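Number of protein chains: 10
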Amino acid sequence: MLFMVKMDVNIPAEFDAEKATQLKFVEKNRFQELQRSGKWRHIWRVVGQYANVSIFDVESNAELHDLLVTLPLYPFMTVTVAPLCRHPSSIYEDDR
Amino acid sequence: MLFMVKMDVNIPAEFDAEKATQLKFVEKNRFQELQRSGKWRHIWRVVGQYANVSIFDVESNAELHDLLVTLPLYPFMTVTVAPLCRHPSSIYEDDR
Amino acid sequence: MLFMVKMDVNIPAEFDAEKATQLKFVEKNRFQELQRSGKWRHIWRVVGQYANVSIFDVESNAELHDLLVTLPLYPFMTVTVAPLCRHPSSIYEDDR
Amino acid sequence: MLFMVKMDVNIPAEFDAEKATQLKFVEKNRFQELQRSGKWRHIWRVVGQYANVSIFDVESNAELHDLLVTLPLYPFMTVTVAPLCRHPSSIYEDDR
Amino acid sequence: MLFMVKMDVNIPAEFDAEKATQLKFVEKNRFQELQRSGKWRHIWRVVGQYANVSIFDVESNAELHDLLVTLPLYPFMTVTVAPLCRHPSSIYEDDR
Amino acid sequence: MLFMVKMDVNIPAEFDAEKATQLKFVEKNRFQELQRSGKWRHIWRVVGQYANVSIFDVESNAELHDLLVTLPLYPFMTVTVAPLCRHPSSIYEDDR
Amino acid sequence: MLFMVKMDVNIPAEFDAEKATQLKFVEKNRFQELQRSGKWRHIWRVVGQYANVSIFDVESNAELHDLLVTLPLYPFMTVTVAPLCRHPSSIYEDDR
Amino acid sequence: MLFMVKMDVNIPAEFDAEKATQLKFVEKNRFQELQRSGKWRHIWRVVGQYANVSIFDVESNAELHDLLVTLPLYPFMTVTVAPLCRHPSSIYEDDR
Amino acid sequence: MLFMVKMDVNIPAEFDAEKATQLKFVEKNRFQELQRSGKWRHIWRVVGQYANVSIFDVESNAELHDLLVTLPLYPFMTVTVAPLCRHPSSIYEDDR
Amino acid sequence: MLFMVKMDVNIPAEFDAEKATQLKFVEKNRFQELQRSGKWRHIWRVVGQYANVSIFDVESNAELHDLLVTLPLYPFMTVTVAPLCRHPSSIYEDDR
Chain V
1 MLFMVKMDVN IPAEFDAEKA TQLKFVEKNR FQELQRSGKW RHIWRVVGQY
51 ANVSIFDVES NAELHDLLVT LPLYPFMTVT VAPLCRHPSS IYEDDR
Chain A
1 MLFMVKMDVN IPAEFDAEKA TQLKFVEKNR FQELQRSGKW RHIWRVVGQY
51 ANVSIFDVES NAELHDLLVT LPLYPFMTVT VAPLCRHPSS IYEDDR
Chain G
1 MLFMVKMDVN IPAEFDAEKA TQLKFVEKNR FQELQRSGKW RHIWRVVGQY
51 ANVSIFDVES NAELHDLLVT LPLYPFMTVT VAPLCRHPSS IYEDDR
Chain E
1 MLFMVKMDVN IPAEFDAEKA TQLKFVEKNR FQELQRSGKW RHIWRVVGQY
51 ANVSIFDVES NAELHDLLVT LPLYPFMTVT VAPLCRHPSS IYEDDR
Chain U
1 MLFMVKMDVN IPAEFDAEKA TQLKFVEKNR FQELQRSGKW RHIWRVVGQY
51 ANVSIFDVES NAELHDLLVT LPLYPFMTVT VAPLCRHPSS IYEDDR
Chain X
1 MLFMVKMDVN IPAEFDAEKA TQLKFVEKNR FQELQRSGKW RHIWRVVGQY
51 ANVSIFDVES NAELHDLLVT LPLYPFMTVT VAPLCRHPSS IYEDDR
Chain R
1 MLFMVKMDVN IPAEFDAEKA TQLKFVEKNR FQELQRSGKW RHIWRVVGQY
51 ANVSIFDVES NAELHDLLVT LPLYPFMTVT VAPLCRHPSS IYEDDR
Chain B
1 MLFMVKMDVN IPAEFDAEKA TQLKFVEKNR FQELQRSGKW RHIWRVVGQY
51 ANVSIFDVES NAELHDLLVT LPLYPFMTVT VAPLCRHPSS IYEDDR
Chain D
1 MLFMVKMDVN IPAEFDAEKA TQLKFVEKNR FQELQRSGKW RHIWRVVGQY
51 ANVSIFDVES NAELHDLLVT LPLYPFMTVT VAPLCRHPSS IYEDDR
Chain L
1 MLFMVKMDVN IPAEFDAEKA TQLKFVEKNR FQELQRSGKW RHIWRVVGQY
51 ANVSIFDVES NAELHDLLVT LPLYPFMTVT VAPLCRHPSS IYEDDR
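Chains as they are written, first to last, in full-length UniProt numbering: chain V, 1 to 96; chain A, 1 to 96; chain G, 1 to 96; chain E, 1 to 96; chain U, 1 to 96; chain X, 1 to 96; chain R, 1 to 96; chain B, 1 to 96; chain D, 1 to 96; chain L, 1 to 96.
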């Protein structure tokens, strides 16, 4: 089941720089783990923003919620979620 | 070069029904042609809306503009465009 | 899987009154069929509005989309969809 | 009398972590007490947000106000309230 | 139980003038009936607008909904509703 | 001359608690003085908010401005002002 | 008593051209009458818009309301009103 | 050349009180100097706000920019600028 | 003196097609005349929109207003205007 | 390939003044380097704002992203990006 998620990241200037670097490192590892599993299917940078647009492929709303709120950078994110589904015109049975 | 495009379609109730069916048919054909060429890489329905979220992969801003404004249903669309680029954390060299 | 859906209904003044009455009758029947099946779990009027807030319990995003866009009054609706999930504090295992 | 209430919770990063844990514990207890009494009829998480959508069933506007502003986490909440009423199409006399 | 209601009235230019005059006459009568009963406690014009701000004093959400949607000009109104309650600082036990 | 004023109050969490209590006490006294004088004709709590909706009855714009900006809690308020006037349908000559 | 009023004028394309010309002529005469009386103290075009920003100097809210809603082009206007008062720093006792 | 400028002033509560008083004093002097020169033609308080609406009469965009950004309180202001021009209906050749 | 102007063009579907073609032709000629004169310095299409972003270089606010409101397609445009000035960091004395 | 970029700069009052001066100096140098290279084709101040409107001419979305996020003042900027393309009416083959 597909969802588009936009994540705007805003780490305050006064936040400890070392801790931020560490959080970003853990975030990257967690992201790649989810990408490999196929749950975080796509990720793109939004040009000019510290933000990404992503496509998730999960079993349920609850699974998506758990994936998102346990991201290391989640406390610094503004998140929007839009449920998607297959488009009837697509030539691909399973466009993910 | 990647762009996310959201298209909200609004065909007025008073628009000729037969003409609408015909336009949707031409639209579908044009869409599938662009999907096959790889320029219209992804398309998803937004749940509950007569709208889609799409990913385009084009050579230039001008090519994207020409693709969009020549869509048969373009006169009935509200279109938003967001330029994207590869995310540095992605494990795929070429996530499209 | 739960979703909150808000439907604002706006039938234009110039729309044929008899046809509107008929559409509302079909809508009501379709609604009650979905309510009985458990898929449309709750519906409430929003005070002062021709609008409702509803809770849907469906198998997938695609099922929700199909239920919504085939509603007889759908062409006159503005629809917003928010995916929900169980709240960890709830004393009910299955609050629907 | 039914009301839909949305609560967005935002505890600042610099807020004392232990105090926050304690507040959440007291909040959970107070919530479950209200849930058991039938006044806080439903609660759902909004996917991807530290937020809930709830249905309250109270005697009056004043009772709802008192319940909300005395919640332990209220100082960290953005609250929106929408008065609801029974939908005439519902097959349930008393859909709460 | 008190509610603040704002009503913006917009009768389209092409609407039959005589019918509009008649509707306004019926609206005025209905309003005065509700004002006399004490349910429509206050009404004020918003300066420069074809709009009013009103205070209703009703038994329940459902009663307010029924009063509003049966107003003769309701089909031409945009309505917003805010539930109110007594202010603890007021020197009047029953400020309506 | 009547004005509707909405006041949203937001005292930052880090503001000295004792000072806040004192300010609220002075605010309440000043409010009751203005209520007794008839200048602050109505005040209601907005359900779920630390906010009020009020009706002022003053001689001029300048008098209203002076009353508002000298309120003890004014530095913590977001204020909106809407000029009102008598509604021609009202059965009361002087609905305040 | 001073008010800033912004008027956005939007005469639909399908409105009878001759009638529009006539309305504008009557509007201009009415405007100049009010300008001469000192009640409509200032008027400026907003660059690129069919809109004006004006300063009114009236006795009361009610007088302003009556002036505005009886303007010949009022049915085609979107009007916003902001009450103003003398600025304490002004070197002019009576800046109008 | 005329411009309408709205300035919302927001001096943070934690800003040094003495420094604020001093800045306001310098601001007032600078304002009166510009008022005397005819460049800052009008200033009015917006009722209930720490804000003013002003009319500037300057030689060029650049001159307006320089006047605004060198105001002592500019760092605490949110500024909006709207270019104006003479209204063709005005009976005054040079309404400033 | 420089201004950025955004023009969103919206010709209703029911507008006479031949008349629209003719208006666009006259618009293009008028545009090129202004481009040659140096007053309409830049024009770009906004990707995916029937809209342009333009830079005007004019003598005064009044000249810009007259240029804009006399454009053949002006009745179908939504126009926004932002006054600009030279940037102090620019290496070009006269960046237009 | 052309993009319009708007940059709103907001350096907090409490930020170290010397460091800010230094950052602005580095920013200016970086800007002029990009201006000389032709990638940052235009820059204009927005009147009354600490903001600029700029036109970039780059090879790809990715190049624009890299240019923007490495600007010394980027952490203090709110950035909006709009992809542009040549306007068909322009008399210049290559309007940059």
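Note that these hints are calculated values from the structure, not bench results.
Fair warning: there could be bad hints in the mix.
Said to hold, decoys possible - Residues of chain R clear of chain D, computed beta-carbon distances all greater than 10 Å:
#	residue
1	E18
2	S60
3	P72
Claimed, not checked - Ranges of calculated distance between the beta carbons of each label pair, as one might list FRET restraints:
#	chain 1	residue 1	chain 2	residue 2	range
4	U	E63	X	D95	17 to 25 Å
5	X	D95	G	T21	34 to 42 Å
6	G	P12	L	A17	57 to 65 Å
7	V	Q22	L	P88	50 to 58 Å
8	U	S37	A	N10	57 to 65 Å
9	U	D16	A	D66	18 to 26 Å
10	G	E33	A	T70	37 to 45 Å
11	E	E59	G	S37	32 to 40 Å
12	E	T80	U	S37	29 to 37 Å
13	G	P12	R	S60	26 to 34 Å
14	D	Q22	R	P12	43 to 51 Å
15	G	P12	D	Q22	47 to 55 Å
16	L	T78	G	D95	53 to 61 Å
Claimed, not checked - Each computed DSBU-like pair below joins lysine-lysine, with the alpha-carbon atoms no more than 30 Å apart:
#	chain 1	residue 1	chain 2	residue 2
17	V	K24	E	K19
18	B	K19	L	K39
19	B	K6	D	K28
20	A	K24	A	K39
21	D	K24	A	K19
22	E	K19	E	K6
23	V	K6	E	K24
24	X	K19	U	K39
25	B	K39	R	K39
26	X	K6	X	K39
27	X	K19	B	K19
28	V	K39	L	K24
29	G	K6	G	K39
30	U	K19	G	K24
31	G	K19	U	K24
32	G	K6	E	K28
33	A	K19	G	K24
Given the structure is predicted, the values throughout are model-derived calculations rather than measurements.
Using N, Cα and C, we set each Cβ at its ideal position, and we do this for glycine too.
Numbers of unmet hints, in rising order = Of the numbered hints given earlier, those the structure breaks are 8, 9, 13, 14, 15, 16, 18, 19, 24 and 28, listed in rising order.
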